[in-house]
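Visitor: Listed here are the chains, written in short residue letters.
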Amino acid sequence: MKLFGQFRYIAGEKVLEIEAKGDTAGDVLAALAQAHPELGRAAMSEGDLRPYVSMMVNGKSVKETGGLATRVKEGDDIILFPPMAGG
Amino acid sequence: MTTASPSRPITADLDEYDRKRYARQILIKGIGEEGQRKLKNARIFVAGAGGLGSPVAIYLAVAGFGHITLADLDVVDLSNLNRQILHWDKDVGRPKVESGRDKLMKINEHIEVNVFKGTIDEGNVLDLTAGHDLIVDAVDNFPTRFLLNRASLKHRIPFIHASVWGMEGRMSTFVPGRTPCLECVFPHVPPKEVFPILGATAGVLGALQVTEAVKVVTGVGRTLENRLLVYDGEYMEFHELEIRRDSRCSACCSLEPHGEGGSLRRSV
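From first to last, the protein sequence lines are chains G and U.
Taking our numbering as reference, the numbering of the first sequence is continuous, increasing by one, and the terminal residue is 87.
Taking our numbering as reference, the numbering of the second sequence is continuous, increasing by one, and the terminal residue is 268.
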């Protein structure tokens, strides 16, 4: 999973390898929250993505592909975007 | 709104001065004299005279955009000077639009610069942006971006969005009826924060926004329509993501599709 902005600051890494127990975007996020609790709190609330956080799988927002039920497989390009408001 | 007039009247057509001053960009295939004439007659609304607004306004001015409106509420603060290249030490405490207008008129005294010092709000956003051919987003908050987005949809003029954080930035060009709008892609307001920012990051994104503005006005090349460009300066990478209209978007769901062809509200 590729991280940007403050998520990269929190994780201290640009890319994280996530071992998920299932095959959905939600399973990946659950594994992320377990491995990196602070990052999980920054990106999620009550088991869902925070509304201003974007998750992309292979260049498409999960919002358009089934939300957290979106199927993912090993090697998929997953990006987690924090909000970015600066100008 | 106040106006700084050019040193000579702006004619609709290019004159010999223009042909010489802009000769090197007139050479660009797809711009030419006709494209330069379009830039000269274009009216651009730049919302924000800060980190993004500085390079945006400067590059619009040197490119020969004939009518630039600069809107900002703030005065210059010392902590702005690492990135807001329109403003210098001597400007600390001055309204940003006044400082910006002075520099722009020195950079190119042959254009018209209008300024608005105040808050862009629900009550004035449509009037402020009326009569412009496109809106450039150089603000630092999403509530104002949403107002500008709605104005872009109402006037059916393109909206060139960018935002920055640290050494990263994102941008897209939204064309009403033909692409998603800002709220399709970013429907929620993030929490306010004091964001880190390298001046050069704003420079990169601002220069890209002006590149898009030139393309929208002249028709040269292919704009960022339906794509979100992500700039990662820390690792010097550019990523591109596909973005789509959200049929449930409260801002643009009722908008009729825009025909193919020119992106501009009017012919310039």
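Any given hint could be a false lead.
Once the Cα atoms are required to be at most 20 Å apart in a straight line, the calculated DMTMM-like pairs of lysine to aspartate or glutamate come out as [said to hold, decoys possible]:
hint, chain 1, residue 1, chain 2, residue 2
1, G, K73, G, D27
2, G, K2, U, E242
3, G, K2, G, E74
4, U, K103, U, D127
5, G, K63, U, E242
6, G, K14, U, D74
7, G, K2, U, E237
8, G, K60, U, D232
9, G, K63, U, D74
10, G, K2, G, D23
11, G, K2, U, D74
12, G, K63, U, E237
13, G, K14, G, D76
14, G, K60, U, E242
15, G, K14, U, D246
16, G, K60, U, E240
Hints in this document: simulated from the structure, not taken from any laboratory.
Visitor: Out of the numbered hints, which ones does the structure contradict?
Guide: 4, 6, 9, 11, 12, 15
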